[in-house]
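Chains as they are written, first to last, in the numbering used here: chain A, 1 to 210; chain B, 1001 to 1352.
None of these hints come from the bench; they were simulated from the model.
Here the structure is a predicted model, which means the values were calculated and not measured.
It is possible that some hints are incorrect.
Computed, partial: chain B to chain A, Cβ under 10 Å [claimed, not checked]:
1) N1030
2) S1038
3) W1044
4) D1104
5) Y1107
6) G1157
7) Q1217
8) T1218
9) S1246
10) E1250
Built from N, CA and C at the ideal position, the CB exists for glycine as well.
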Amino acid sequence: MIGRSSTLIFAVVAAVAAQAQSTQPGSTTYPELTLLPAGQFQMGDHYGFVDPEHPSDEVPVHTVAISSLLIGTYDVTNIQYAQFLNSAYSQGLIEVRNGLVYAKGGNDLYMDTYQVLNYSSIGWNGSTFAVVDFRATHPVGVTWFGAAAYTNWLSQQQGLQPCYDLTTWQVDFTKSGYRLPTEAEWEYAGRGGEYNPYYIYPWGNDVDTT
Amino acid sequence: MGFYNGQLHTKAAFGWPGSQATYQTSDGSNAWGLYDMSGNNWQWVNDWYENPYYSVSPYQDPPGPTEAAASLMPDGLPYRGMRGGTWYNSDAGDPGHGRVSNRDPSYYRAPDNPDTPYYHVSFRVARYAPALTIVSAASYSGASVAPGSIASAFGSGLAGGAVTVTDSTGAELTAQVLASASTQINFVMPSATAVGPATVAVSNGGIISSAGTVLVQTVAPGLFSANANGKGVAAAIALLVKSDGSQTSEPVFECGAAAGSCVAVPLDLGAASDQLFLSLFGTGMRGLTQPATATIGGTSVGVAGPVAQGQYVGLDQVNLGPVPRSLAGRGEVSIVLTVDGTAANPVTVSIQ
Chain A
1 MIGRSSTLIF AVVAAVAAQA QSTQPGSTTY PELTLLPAGQ FQMGDHYGFV
51 DPEHPSDEVP VHTVAISSLL IGTYDVTNIQ YAQFLNSAYS QGLIEVRNGL
101 VYAKGGNDLY MDTYQVLNYS SIGWNGSTFA VVDFRATHPV GVTWFGAAAY
151 TNWLSQQQGL QPCYDLTTWQ VDFTKSGYRL PTEAEWEYAG RGGEYNPYYI
201 YPWGNDVDTT
Chain B
1001 MGFYNGQLHT KAAFGWPGSQ ATYQTSDGSN AWGLYDMSGN NWQWVNDWYE
1051 NPYYSVSPYQ DPPGPTEAAA SLMPDGLPYR GMRGGTWYNS DAGDPGHGRV
1101 SNRDPSYYRA PDNPDTPYYH VSFRVARYAP ALTIVSAASY SGASVAPGSI
1151 ASAFGSGLAG GAVTVTDSTG AELTAQVLAS ASTQINFVMP SATAVGPATV
1201 AVSNGGIISS AGTVLVQTVA PGLFSANANG KGVAAAIALL VKSDGSQTSE
1251 PVFECGAAAG SCVAVPLDLG AASDQLFLSL FGTGMRGLTQ PATATIGGTS
1301 VGVAGPVAQG QYVGLDQVNL GPVPRSLAGR GEVSIVLTVD GTAANPVTVS
1351 IQ
């Protein structure tokens, strides 16, 4: 995993770049996928934590079965998202108004460009989207609409059936294409198949392990 | 942001505000090799956020609430859910956000509102893995396959695919593909495959197109039939050995032009002093740990092997005989080969 280490950490970017034989995670055209086996687990909070902002929303712990799933090994990155934006723009699917990206003629915001929000790493020069800083392989920051629209585009690119209606935003689980994971699928993925014991975090019970 | 590994990083290194000194996500990936499932960015999920959903959620593949429980939100508006938590609002003293079970309505972190920052909300893609059915290439049935055996996977869009096997220890092994067509791909289960449930994935151009699971056992005997469907007359060779040691081969089956048209040819047991032996071909048998047994037409028969055939990868050979003379005149009879307690798919021969 050396080749995957610290690639997003600014201070060691140069050192990692020297490991040219290793593909930088998140730099591939399409997201890398991990295959999850079908299985079941006890979904919910096993440690009695109550979040004061939204209490009792992780109980009751209940048994959930999940079908075999292909899920992104990493978050979708800025460079991957910029490829989507350029492709979608060339197809007339999106437009930029006041530095904000929308579906063509629509009012559902996909994302801010760097021109209006300097936390955004994707810039727009009037004709092309491009990553403007060192965060090419950092996770992209987008709205839910922007995330769902990306999954439809990815399905189209790979000859799969899109899952979302980009006007009503209804999802069709019977389609073969990409979508956002359901909340149950996300927690199943996050737990990594480790149920004895159930952990607080995806890797164990401690934040600061050494 | 981005913590793909377990090195300790300080917020100061990023110029981020916040009270906690450090935040660390162990080695970053969980047991399934997924990165950033905690502490990097929030991640969108498909579901609307609805606080009481866990009380009504179905067992199989919960799709999420059909509509947002807007009335339960402080501003009366609907919100999608987010998972994962950012390191920005999590630390050892308040483990709330990075917990794997933590739910968060986007109301609190990133309303779908251009005036509210969502730069710390990302997402990962998902889709159902298209089903692949994996069977022994010899029997075309059975619940298991063996390491080093020839297997067939049935699905769609398989032509030209590459096969990867992930075994029960998590080892990812590349399988040798013998033949592929749109709906079927034949491959050799890697000899190093551990016993237990394994996942077989077919990919094209590095993109996984379908996957399925199969149980791997040391022995999963399958016998090839002449019609290559695991049924009917055996894909066998018959050898008549005379008392002077001379040998004559006899046809076991004959085939017409059409696929699946092979039929048994009655075998001649020869003179009283002659002995007829059968060589059968199969897969998934070489790992046997105790002597195999066999019957022809219900009568026990001697068994030599099975062993690796040697000429073709994955192919095993077993010799049976001499065929009991009591079977003379029985016509089509069934051959049942049992390896390590598991019976192979029955195949037939005809005896005149």
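Return the numbers of the hints above that this structure violates; sort them in rising order.
The structure conflicts with hints 7, 8, 9, 10, although it agrees with all the remaining ones.
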